[in-house]
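Undergrad: Okay, here's what each chain looks like letter by letter:
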Amino acid sequence: MATGAQIEDAVLDLLRSRAPLAGNGALPADLRLGAGGLGLDSIAMVELLLDCERRFGVPAAGLLEGAPLTVGRLIAHARAAVPQ
Amino acid sequence: MSWPRRTFDILERGLAPLVARYPRMAVPAASGLGALRNRLSSRWPSPEQVQILFPHLAPGAAARVAWKIGALEARNRLLVDAIRRHGLEPARRLMRPASEAFAALRPPLILGTFHVGAVQALGAAVERLPGPVLVLRLGALYSPSPPVEILSTEGDDQSRALAFQRALYHLKEGGFVVLALDGFPGPGLRVPCLGRTLELARGPFALARLTGAPLVPLVARWRQSEVEAEVAAALGGTEGGMEEGALAASATRWLEGYLMAAPEEIGLGLVRALLTPPPAAR
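So the sequence lines, in the order shown, correspond to chains A and B. Residues 1 to 84, numbered by the working numbering, are exactly what the first sequence covers, in order. Residues 1001 to 1282, numbered by the working numbering, are exactly what the second sequence covers, in order.
It is worth saying that the hints were derived from the structure and are not from the lab. Some hints here could point you the wrong way.
[What the hints assert, rightly or not] Here are the computed distance ranges between Cβ atoms for each label pair:
| no. | chain 1 | residue 1 | chain 2 | residue 2 | range |
| --- | --- | --- | --- | --- | --- |
| 1 | A | Gly57 | B | Ala1104 | 35 to 45 Å |
| 2 | A | Ala26 | B | Glu1173 | 36 to 46 Å |
| 3 | B | Ala1233 | A | Leu50 | 23 to 33 Å |
| 4 | B | Leu1018 | A | Ala35 | 41 to 51 Å |
| 5 | B | Ser1046 | A | Arg55 | 29 to 39 Å |
| 6 | A | Leu50 | B | Leu1018 | 46 to 56 Å |
| 7 | B | Arg1253 | A | Ala67 | 52 to 62 Å |
[What the hints assert, rightly or not] Below, computed lysine to any residue pairings styled on SDA-like, alpha-carbon distance capped at 20 Å:
| no. | chain 1 | residue 1 | chain 2 | residue 2 |
| --- | --- | --- | --- | --- |
| 8 | B | Lys1172 | A | Leu50 |
| 9 | B | Lys1172 | A | Ala44 |
| 10 | B | Lys1172 | A | Gly62 |
| 11 | B | Lys1172 | A | Pro59 |
| 12 | B | Lys1172 | A | Ala61 |
Where a beta carbon is used, it is the ideal one built from N, C-alpha and C, also for glycine.
The whole structure should be built from the sequences, with the hints applied where relevant.
TA: Next up, the structure:
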């Protein structure tokens, strides 16, 4: 069992390991992972989702479809998938 | 001199309706037109451009290679036009039976193509693969039939990420993924090739690294009025995947060997890519 805050911290750690632009400060929930946001290219974006799959044990297949992938969407996906 | 160009364009367009029914007439005619066009213009490519990439060729031999590249481009234009009009059927009719090496391909496997030879005919080759095939490319010339699916890599970072993710899952589920190693927009892996620098797409090599699937270079070569698919030995395929740069260098060494043996197979797009310095070096 993990708390929502612990899951958020784990997601942000994974994000910072892939996105040098993320820095150590707070990240707005609507910040995009790709161009105009954290600047991840397509391969880095998928590698980040693979990191999340391995860390939380849940597939991230649908996250790239539809709305832009943001920090908030990634955290919400992990929170929804992990028992709290 | 625009009139010869227009005349050649008109003559080529006249051949397009014939290629589906009379390939043995239309393909050699297109070759002849393409070679003559190159010979008259000494352009696309010029013999000098050929000699930069293949300095071992004497001027006369470089000129003959340039004519043959002109012929190759004309055949390819004809084939693209036929595929746009009739779907993949004209390419199927031109494709020779699969070689033993091609028939032995088994998934999960990444097939990496280069813009050499009859690249647009490869759609007719990959539909013979024994398993589901996902083709990643910029746009689509035709609507494929199962087990082949074409996924366009057009769009923003997230669209490309989605295509990349689909390819990754497709390999993990035991399928074939087909995609071009060269001729793509954006930064990639720079590798030496024919004394110049070639920029390759990172995606195919990252797929190999992340899945451990081998990468096999795949090209198609015109044989008179027919097309033959050729595959190289598998590269990579190691536990944990191979480093991207090393894999890209291996693929390019194979391409170099292929083109040194048959310089007339180099596509005009690849000639231009090699002769145009990458952005940072300009």
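Undergrad: Now tell me, hint by hint, if it's right for this structure.
TA: Okay, the hints, checked on the actual structure:
Range check, Gly57/A to Ala1104/B: Cβ separation about 37 Å, and the 35 to 45 Å hint holds. Taking the beta carbon of each, Ala26/A and Glu1173/B are about 39 Å apart, inside 36 to 46 Å as hinted. With their beta carbons about 29 Å apart, Ala1233/B and Leu50/A fall inside the hinted range of 23 to 33 Å. Against the hinted window of 41 to 51 Å, the Cβ-Cβ separation of Leu1018/B and Ala35/A comes to about 46 Å, which satisfies the hint.
Checked against the given bound of 29 to 39 Å, the beta carbons of Ser1046/B and Arg55/A, roughly 56 Å apart, lie outside it. Take Leu50/A and Leu1018/B: their Cβ atoms lie about 50 Å apart, and the range 46 to 56 Å holds. For Arg1253/B paired with Ala67/A, a C-beta distance near 43 Å fails the hint of 52 to 62 Å. Between Lys1172/B and Leu50/A, the direct Cα distance comes to roughly 13 Å. Compliance with the 20 Å bound is thereby established for this hinted pair.
A hinted pair counts as satisfied when its Cα atoms are at most 20 Å apart, and Lys1172/B with Ala44/A qualifies at roughly 18 Å. The straight-line distance between the Cα atoms of Lys1172/B and Gly62/A is roughly 17 Å, inside the 20 Å bound, and the hint therefore holds. Among the hinted pairs, Lys1172/B with Pro59/A is consistent with the structure: their alpha-carbon atoms are about 13 Å apart, no more than 20 Å. Restraint check for Lys1172/B and Ala61/A: satisfied, since their Cα atoms lie roughly 13 Å apart, inside the 20 Å limit.
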